[in-house]
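So the protein lines, in turn, are chains R and Z. Going by the numbering used here, the first sequence opens with residue 4, and the numbers climb by one from there. Going by the numbering used here, the second sequence opens with residue 209, and the numbers climb by one from there.
Read the hints as simulated data drawn from the structure, not as lab findings. Any given hint could be a false lead.
DMTMM-like cross-link-like pairs, simulated, lysine to aspartate or glutamate; straight-line CA separation at most 20 Å [claimed, not checked]:
{"#": "1", "chain 1": "R", "residue 1": "Lys424", "chain 2": "Z", "residue 2": "Glu280"}
{"#": "2", "chain 1": "R", "residue 1": "Lys428", "chain 2": "R", "residue 2": "Asp111"}
{"#": "3", "chain 1": "Z", "residue 1": "Lys255", "chain 2": "R", "residue 2": "Glu476"}
{"#": "4", "chain 1": "Z", "residue 1": "Lys255", "chain 2": "R", "residue 2": "Asp111"}
{"#": "5", "chain 1": "R", "residue 1": "Lys428", "chain 2": "Z", "residue 2": "Glu254"}
{"#": "6", "chain 1": "Z", "residue 1": "Lys250", "chain 2": "R", "residue 2": "Asp416"}
{"#": "7", "chain 1": "R", "residue 1": "Lys434", "chain 2": "R", "residue 2": "Asp200"}
{"#": "8", "chain 1": "R", "residue 1": "Lys434", "chain 2": "Z", "residue 2": "Glu243"}
{"#": "9", "chain 1": "R", "residue 1": "Lys424", "chain 2": "R", "residue 2": "Glu405"}
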Amino acid sequence: MARNPDADNAPVKKEIESSTSKYDAEKAASFKVVGSRPARPDGMDKVTGKARFGADMVMPGQLVGLILRSPHPHAVIKSIDSSEAEALSGVKAVVTRDDFAPNDDHADVLYNIMAREKALYEGHAVAAVAATSRAVARKALKLIKIDYEPLPHVTDVDAAMSPDAPVLHDSIITRGISPAPTKPSNVVARSEFGHGDIDAGFAQADEIIERSFKTAATHQGYIEPHACVANVGADGMSELWCCTQGHFHVRQVCASLLGIDVSRLRVTASEIGGGFGGKTTVFIEPVALALSRKAGRPVKIAMTRDEVFKASGPTASSSMNVKIGVTKDGRITAGYGEFRYQGGAFAGAPADFGAMSAFACYALDNVKTEAYDVVTNRPKGAAYRAPGAPMSVYAVESVIDELATRIGMDPIDLRLKNAAKEGSKSSYGPKFGSCGLVETLEAAKAHPHYNAPLGPNQGRGVASGFWFNFGGETCSNLNINADGTVTIAVGTPDIGGSRASMCIMAAEELGIPYDKVRAIVADTSALGYNDTTEGSRVTFSSGMAVIKASQQAVTEMCKRAAMIWDIPAEAVTWEDGCAKPSGPNAGDFEPLSLAEIAATAGKTGGPIAGHHEYNADGAGVSFGTHIVDTEVDPETGKVDIIRYTVIQDAGKAIHPDYVEGQFQGGAAQGIGWALNEEYIYGDDGKLQNAGFLDYRMPVASDLPMIDTVIVEVPNPGHPYGVRGVGETGIVPPLAAIANGVSAAAGVRMTELPMSPPRVLKAIDTAKVAAE
Amino acid sequence: MVQVTLSGTIQQAAGGISTLEIEAKNIRQLLNGLEKQCPELKPELEKGSIAVAINGTIYRDDWFQPIPEDSEVFLIPRLAGG
Chain R
4 MARNPDADNA PVKKEIESST SKYDAEKAAS FKVVGSRPAR PDGMDKVTGK ARFGADMVMP
64 GQLVGLILRS PHPHAVIKSI DSSEAEALSG VKAVVTRDDF APNDDHADVL YNIMAREKAL
124 YEGHAVAAVA ATSRAVARKA LKLIKIDYEP LPHVTDVDAA MSPDAPVLHD SIITRGISPA
184 PTKPSNVVAR SEFGHGDIDA GFAQADEIIE RSFKTAATHQ GYIEPHACVA NVGADGMSEL
244 WCCTQGHFHV RQVCASLLGI DVSRLRVTAS EIGGGFGGKT TVFIEPVALA LSRKAGRPVK
304 IAMTRDEVFK ASGPTASSSM NVKIGVTKDG RITAGYGEFR YQGGAFAGAP ADFGAMSAFA
364 CYALDNVKTE AYDVVTNRPK GAAYRAPGAP MSVYAVESVI DELATRIGMD PIDLRLKNAA
424 KEGSKSSYGP KFGSCGLVET LEAAKAHPHY NAPLGPNQGR GVASGFWFNF GGETCSNLNI
484 NADGTVTIAV GTPDIGGSRA SMCIMAAEEL GIPYDKVRAI VADTSALGYN DTTEGSRVTF
544 SSGMAVIKAS QQAVTEMCKR AAMIWDIPAE AVTWEDGCAK PSGPNAGDFE PLSLAEIAAT
604 AGKTGGPIAG HHEYNADGAG VSFGTHIVDT EVDPETGKVD IIRYTVIQDA GKAIHPDYVE
664 GQFQGGAAQG IGWALNEEYI YGDDGKLQNA GFLDYRMPVA SDLPMIDTVI VEVPNPGHPY
724 GVRGVGETGI VPPLAAIANG VSAAAGVRMT ELPMSPPRVL KAIDTAKVAA E
Chain Z
209 MVQVTLSGTI QQAAGGISTL EIEAKNIRQL LNGLEKQCPE LKPELEKGSI AVAINGTIYR
269 DDWFQPIPED SEVFLIPRLA GG
């Protein structure tokens with residue numbers, strides 16, 4: 004929240020439009036389009052191969068850009084000699100750290116996209132070339148001479164926190180510790196949250212369980228590698244086509260790194276083949292622009308899968324301690340957690356979000372969480388759905404499950420007894436507003452899945468999870484076309500069917516059929532700034548902007564009808580897609596449809612449009628509860644997911660198919676995170692499984708049909724009651740599956756992924772201990 | 209007067225103080241008051257890495273959001289998402 008400290012006595016009364024909106028229960032009771040399941044507008048292009056993704060753009064004279072990456076996990080870059088590469092026929096440009104001026108606003112981003120004094124992880128970019136062919140570009144990379152001085156490295160979070168660990172940055176002095184340390188370390192920050200007196204709380208407990216947990220770093224696993232085409236013109240006007248979750252953010256950062264005016268860079272978001280948070284930052288885009296500027300020709304860079312694993316942004320790995328106390332009748336008396344996350348070579352591991360989310364499902368009198376953001380010699384992490392929450396919730400929900408067993412209480416009943424609800428003080432501070440955790444737990448308990456019989460070697464797990472959600476800067480335009488159709492321009496890339504949801508909301512407000520409305524994702528020159536598609540914000544905030552823009556257009560159409568009828572505008576109302584006299588006193592006129600008003604717009608004042616710009620607040624938190632049945636092969640340790648049910652509060656499902664899709668996607672990714680996915684580093688600090696053959700993501704044959712239950716507790720901060728649904732779905736699976744596997748295997752699993760060797764080892768260790 | 213509760217790294221940056229009383233009727237006045245009362249918080253505030261929760265609603269950037277009397281106000285890390 005950067006600000007100008009001037010003018011301390013700023014106006015209190017808001018003269019700008021409120022950033023929150025009130026839920027309209029009356030309207031919600033009579034939805035005609037909201038809640039339906041029409042085909043998505045981008046569906047045909049996607050299934051016929053016509054959709055254009057990041058690598059599909061081709062510009063005349065386009066060059067191939069390739070990036071040279073460090074083979075060392077940690078090394079001083081003593082010198083770079085690119086003279087031979089530059090002299091190679093067909094090479095049009097080479098860029099290194101010398102082609103990017105220091106940038107205080109985005110220092111870490113700059114360092115990450117092109118190494119400076121040191122290479123900080125295997126795969127860190129150190130130079131890039133643009134050439135007339137891939138073969139020439141590859142040859143040129145081999146001709147660049149880098150003089151490295153290898154340094155000791157560290158990739159494990161606990162090892163990186165050790166006082167004798169190799170230090171990545173001399174500039175990192177741990178924040179959040181008083182008094183401040185005097186020496187640099189790999190611990191970027193310590194954060195603390197909570198309230199009450201945990202010592203007193205634990206003293207009240209009849210049972211206390213304390214355990215340590217670890218989770219591996221995983222990748223979002225989006226199917227489309229990062230790709231972009233940059234074109235810097237001779238006059239400095241630049242364009243960038245890229246797959247991203249936030250093209251406005253890309254524009255801001257790239258313009259800053261390249262030292263150009265924002266107005267001279269136009270960024271267009273391509274269709275996107277998955278993001279899940281991993282495409283909320285820049286990696287190759289500034290490099291492509293720098294190459295294009297130097298070469299004077301368009302440059303395309305497309306990452307290989309190997310590069311995606313080694314040099315984009317996986318999520319954090321974690322090491323955690325959790326302690327929870329409970330009375331015999333199931334009241335949680337205290338909760339404590341320490342969450343240590345490594346987020347790669349730069350600050351920003353989402354440890355604080357993990358600490359804030361860990362106990363969010365519970366209304367506790369005594370709770371304390373501590374978070375440590377740690378750097379290591381790994382690629383800088385990026386967001387991944389509900390960043391930080393799945394790991395900490397895995398630890399807490401595992402202990403909750405074990406406590407339920409210990410006191411002989413149903414695990415859902417234990418959660419219900421302590422569940423956060425409206426008015427509860429959250430574990431991270433503020434009181435919760437309206438929220439639906441209790442409703443998801445009650446729906447879970449009533450679901451047939453919960454009481455279905457289990458077979459041999461099978462176990463059932465349950466877990467709940469939470470995510471904050473937020474709104475953010477948003478801007479949308481809506482145009483009424485002369486033929487009565489409507490086009491919407493939004494600035495939030497569609498990663499989950501949001502264009503369909505925008506069309507539904509506009510159709511609802513305007514009173515016209517869904518298929519009369521089309522939505523596009525506009526480029527950065529066509530709209531005001533929009534925050535990135537992240538934080539489960541798009542259906543909430545872009546949707547609200549579309550609703551407001553629609554209402555503005557309706558007001559204008561009523562005004563045009565009033566002009567035609569020669570009555571006051573206030574005497575006209577909008578109903579079922581038509582302007583009508585508001586009552587007998589207004590006059591006796593046949594209703595004018597949207598199409599009729601649009602057809603004469605040129606004669607009644609010109610084009611009719613609506614727009615809305617705001618900074619959305621009031622997103623409304625989201626809770627979910629998952630049930631999963633697992634089967635463990637005691638001979639091999641292999642885990643099969645037999646049955647899975649997701650129950651989550653959506654506030655209001657605008658397009659239920661895409662809400663269910665988000666639920667299922669979160670569960671599927673969580674299954675991979677829980678069972679097999681893992682960044683594996685060797686002692687040499689190098690990633691050993693940078694490809695889908697060795698990095699084991701679940702495929703369709705690994706997954707059961709994932710059932711969904713949409714709970715709708717309206718968000719009071721949205722006119723339709725919408726809550727974000729994109730992230731909460733990945734929070735409970737790690738814990739739910741771990742609880743299921745622990746039940747099936749008869750041993751508590753405390754480390755992810757629960758790959759066959761790890762499960763088998765746990766079973767064998769437990770057998771030995773029992774003997 | 210608004211009683212504001214600090215959390216995360218902000219709390220330690222303020223020397224371990226968990227609550228402060230600030231004369232403020234909107235978020236901008238709150239942040240400026242915090243900076244005056246706790247100059248050591250200035251680097252944290254300038255980083256723009258905080259959000260303000262007023263009666264349970266989290267505001268990431270909204271200087272002129274009113275803070276009603278007797279509101280529950282928290283300074284928390286600025287949220288990000290995937």
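Results of checking the hints against the structure:
1. Lys424(R) / Glu280(Z): This hinted pair holds, its Cα atoms lying about 17 Å apart.
2. Lys428(R) / Asp111(R): violated (36 Å)
3. Lys255(Z) / Glu476(R): holds (18 Å)
4. Lys255(Z) / Asp111(R): This hinted pair holds, its Cα atoms lying about 14 Å apart.
5. Lys428(R) / Glu254(Z): Violated. Lys428(R) to Glu254(Z) sits at ~28 Å, over the 20 Å cutoff.
6. Lys250(Z) / Asp416(R): violated (46 Å)
7. Lys434(R) / Asp200(R): holds (18 Å)
8. Lys434(R) / Glu243(Z): violated (25 Å)
9. Lys424(R) / Glu405(R): Roughly 23 Å between the alpha carbons, so the hint for Lys424(R) and Glu405(R) is violated.
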